[in-house]
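Asks: Chain residues, written in single-letter form:
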Amino acid sequence: MHAVMPAKAGIHVLALALSLAALPAAAGTDYRRIEGATFQSVLPEALDSKNVTIGRYQLASTPVTNAEFLAFVRAHPQWQRGRAAKLFVDEGYLRHWGGPAGLGSAVPQAPVVQVSWFAADAYCAAQGARLPTWHEWEWVAAADERVTDARQDPVWRQRILGWYAETGTALPRVGRGPANVHGVQDLHGLVWEWVEDFGAMMVSGDNREQGSDPDLMKFCGAGAMTMEQKENYAVMMRIAMLSSLKAAYTTANLGFRCAKDLP
Amino acid sequence: MNRLLSAVMPAKACPERRRRAGIQGLALALALGAGVAPATVPDDSLYQLAMPLTDQAGKPAALDLARGSPVLVTMFYGSCPHVCPMLVSTMQRFERELPEASRGRLRVLMVSLDPERDTPAKLAEVAARHGVDLRRWTLARAGPKDARRLAAALNIQYRQLPDGEFNHSTVITLLDAQGRIQKQTSSLLRLDPEFAAVLKAATRR
Amino acid sequence: MSRAVIVGSFFAVVSLVTACDPRSESAADTGGSAKGDIGAPQGEPIKAVLTSPPLVPPPPVNRKHPAKVIVELEVRELDLEISEGVKYTFWTFGGTVPGSFIRIRQGDTVEFHLKNHPDSKMPHNIDLHGVTGPGGGAASSFTAPGHESQFTFKALNQGLYIYHCATAPVGMHVANGMYGLILVEPPEGLSKVDREFYVVQGDFYTVGKYREKGYQPFDMQKAIDENPTYVLFNGAESALVGEKALKANVGETVRMYVGNGGPNLVSSFHVIGEIFDKLWFEGGTRFQENVQTTLIPAGGAAITEFKLEVPGTYVLVDHSIFRAFNKGALALLKVEGPENKAIYSGKEVDSTYLGDKAVSQAPVAAAAAAAVNGAPTQEQQVAAGGVLYNGTCSVCHQNNGEGLANVFPPLAGSDYLMKDKERAIGIVLNGLTGKVTVNGKPYDSVMPPMSQLTNDEIANILTYSMNSWGNQDGAVTPGEVAKVRALTKRPEGAAH
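Protein chains in written order, with the numbering used here: chain L, 1076 to 1338; chain F, 907 to 1111; chain H, 162 to 657.
Take these hints with a grain of salt, some might be off.
DMTMM-like, lysine to aspartate or glutamate: derived pairs with alpha carbons at most 20 Å apart [stated by the list, open to error]: (1) 1321(L) with 1052(F); (2) 1321(L) with 950(F); (3) 1161(L) with 949(F); (4) 208(H) with 235(H); (5) 1321(L) with 280(H); (6) 1335(L) with 1052(F); (7) 276(H) with 240(H); (8) 276(H) with 1166(L); (9) 1089(F) with 309(H); (10) 1028(F) with 961(F); (11) 1051(F) with 1336(L); (12) 208(H) with 233(H); (13) 1106(F) with 1001(F); (14) 276(H) with 1165(L); (15) 1321(L) with 949(F); (16) 383(H) with 1228(L); (17) 1321(L) with 309(H); (18) 1089(F) with 1165(L); (19) 1161(L) with 950(F); (20) 1125(L) with 1069(F); (21) 1161(L) with 1052(F); (22) 1161(L) with 309(H); (23) 1161(L) with 1082(F); (24) 1125(L) with 1071(F); (25) 315(H) with 349(H).
The hints are simulated quantities; they were obtained by calculation from the structure and are not laboratory data. Treat the numbers as computed from the prediction; the structure is a model and nothing was measured.
With these hints in hand, go ahead and build the complete structure from the sequences.
Replies: So, in structure tokens, the structure goes:
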């Protein structure tokens, strides 16, 4: 046993973190390689440019399923319903499961929902992965089966709007939608998905405020970000959804998938 | 302790590595003192997030360093030109409004959003610039993932911009002695009277 | 001081004051929000009674002071019928389109709870046009599915206000039915009426055509182009017709709280058969009187009041009339009670008016064809004659041949007609002025000559007359008519 000096504690934490990155992912998760890209984002970062640049990364081809999340809570019982702290999950956490460590009638291959950002974050960390950032998600979600940027295509938009309009349908299994040009499925039409920086959407609760009067006292730096491509209501609705959430929230239509760094 | 490990390690890691990590982790716990004991903390306490920090003196600290006292918590970054200085002076004003006896019971913790650039030296410089009382104030940085988790728990929104600056909201949070969120305020220009009232009650004996 | 002097001084003072006050020409204004705060809430907090359309909550009759009112409104996303056999996903406040009616008084403090049902896919919020404050409440009520938000406001301005969801994209949330009305009564309350109704017009946009059956999704492009598929009162074509029509009675005074949720169209609101005795245009404080049709802006409202005098079915429409008849902007108010003929008689006369053409020429053509090929049968003559009679002779002698008492002699059962065929032909050709006695009754009138009719036509008409209304038999041939035409003189001005 080593005698560890307090000053070195930080280094050991760092070592721990690095060793995690090399661990294998949970069996069965199919990750797709996504090349870096510069693209026009609905949430640009600088006031003078609509473009955003992301480096290459991997993204899971489908959202996390009930079965996969069940394996996670069995291995990490502190994340089971009833045991997870109120700081991390709200009352709806995994309410659709039969029990804290059993699915009951919940469909194993359906995307897991009623999970909070903290729970999603912990799951991905346990896989040696992480949540994708908004821009990483947005870039892959802009694609359809043939092109990387289908956002001007009315068919792409209408397909998404059609899903928003349906109510009360039971969640189908993951992987049934067509794969887009990156080989990723189910980014639309299945569930909302957490992203790592959901808390950086920077939009006001009243969505008619669009950065016309940046409230400097509230937001340091550049002021509240404006949303580009306002006619791209399909994406706008996703941002509206994410900006209504707090990290401990769970909803019946909100799930997630993981991403991994690529050096 | 196991909870800390299990949260970040899958059960299937090879035993030897796990044991090594376990030993290191235990040593870590010993080094940090009694700070890491989330199991006895209330369910809705911020201290459920057990995260290691480094303070402005370069010493290791933990998120619950002020446990047992009411504490003002916020997030900032050292290179912030306008609003973060206002954040500091707002918290100092809240302090000054308190009767002297109460002031001694209040702790303040400021955690950086920018762990890469906010080295202990930089944090110390910010502390000195504002003349904060280091007996009760701590400026610290967390690992990048932990900063995101802390912000999520505190309802603080932030994003790093390409030029290195941050776009972030400003929220001052009052935690009780057990780490539960008692009150939050975003108001910097005026002292939020409701917040001040709750703070006064919290620091009274 | 004498009384006259006192009274005189009083009037002098009053006229002096009013003469100086520039506002004396119009009534004093309410002072708007500057005077809207009439004090802290008193008494126990009240839980607001919310109603589904077309019902309106009862007024707080015994309350004369501002109160704290708690409003709990739930958002639900529901699949409902927009038209028979056509399903649409509506996003609703309180499960209905329009959403629940909220009724409060000026000066009330409202603690507003907005709940978003866990089954909802979308976040929602609320902007109440009666709220003074950022976003009308929208900034403080943004609510994720399965969560609840609360904010408090004081109603400073009286009036009838629209509320709606303001979550991006706002147009889509409104187009899906997320609107309703909140009534902020003046401090003294509105006057009492017999019936109150809640009606809101909206425009709807579906991918499929009007009344195309099945599930119809929302069509964003049509909404941007302002090209609605449906324009409806209360969210469905059947909302206020048939069993669900509004009902009232003769003698009642009806007040309608009418809104226009939009998202795009302005409404030309009109009730067919009624006039708005009082109209609080745009839902404000002043009213106009005696209005037929009022403009209700998108995101606006109006209050109409009218007394019912006559029973029947009154039709609420958007008077941009193709919307009423081709897109569904139609609702019914059924009024029962005793008739009042002095006000409205119903139809008094229903007679044929052919303009300058007979109704159907078919029997005439048949007879004419028969005449060319040989003589028409009596049946053909009677049929043709009937057609010609109606619209020509019937104007005076009536369809039933009864004539008009003391004015035009009857042909039905007429001894005069049946006695002398040649005389009858002569009268039709040349007219008749002066005294005649028919069936024992005297007539002294003028019958104009009908010599413009052809011999065939006159023959057929007379044959018809002699075989109708109890007249037993008779026939006149065109040849007989020709003979009389040749042998008698036409009066001046008549055709040959």
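Asks: Indicate, hint by hint, whether the structure satisfies it.
Replies: Structure-based check of each hint:
{"no.": "1", "hint": "1321(L) with 1052(F)", "result": "holds, 17 Å"}
{"no.": "2", "hint": "1321(L) with 950(F)", "result": "holds, 14 Å"}
{"no.": "3", "hint": "1161(L) with 949(F)", "result": "holds, 5 Å"}
{"no.": "4", "hint": "208(H) with 235(H)", "result": "holds, 15 Å"}
{"no.": "5", "hint": "1321(L) with 280(H)", "result": "holds, 18 Å"}
{"no.": "6", "hint": "1335(L) with 1052(F)", "result": "holds, 17 Å"}
{"no.": "7", "hint": "276(H) with 240(H)", "result": "holds, 19 Å"}
{"no.": "8", "hint": "276(H) with 1166(L)", "result": "holds, 15 Å"}
{"no.": "9", "hint": "1089(F) with 309(H)", "result": "holds, 19 Å"}
{"no.": "10", "hint": "1028(F) with 961(F)", "result": "holds, 11 Å"}
{"no.": "11", "hint": "1051(F) with 1336(L)", "result": "holds, 14 Å"}
{"no.": "12", "hint": "208(H) with 233(H)", "result": "holds, 8 Å"}
{"no.": "13", "hint": "1106(F) with 1001(F)", "result": "holds, 9 Å"}
{"no.": "14", "hint": "276(H) with 1165(L)", "result": "holds, 16 Å"}
{"no.": "15", "hint": "1321(L) with 949(F)", "result": "holds, 17 Å"}
{"no.": "16", "hint": "383(H) with 1228(L)", "result": "holds, 16 Å"}
{"no.": "17", "hint": "1321(L) with 309(H)", "result": "holds, 12 Å"}
{"no.": "18", "hint": "1089(F) with 1165(L)", "result": "holds, 19 Å"}
{"no.": "19", "hint": "1161(L) with 950(F)", "result": "holds, 5 Å"}
{"no.": "20", "hint": "1125(L) with 1069(F)", "result": "holds, 15 Å"}
{"no.": "21", "hint": "1161(L) with 1052(F)", "result": "holds, 18 Å"}
{"no.": "22", "hint": "1161(L) with 309(H)", "result": "holds, 17 Å"}
{"no.": "23", "hint": "1161(L) with 1082(F)", "result": "holds, 16 Å"}
{"no.": "24", "hint": "1125(L) with 1071(F)", "result": "holds, 18 Å"}
{"no.": "25", "hint": "315(H) with 349(H)", "result": "holds, 17 Å"}
When held up to the earlier numbered hints, the structure conflicts with none and fits them all.
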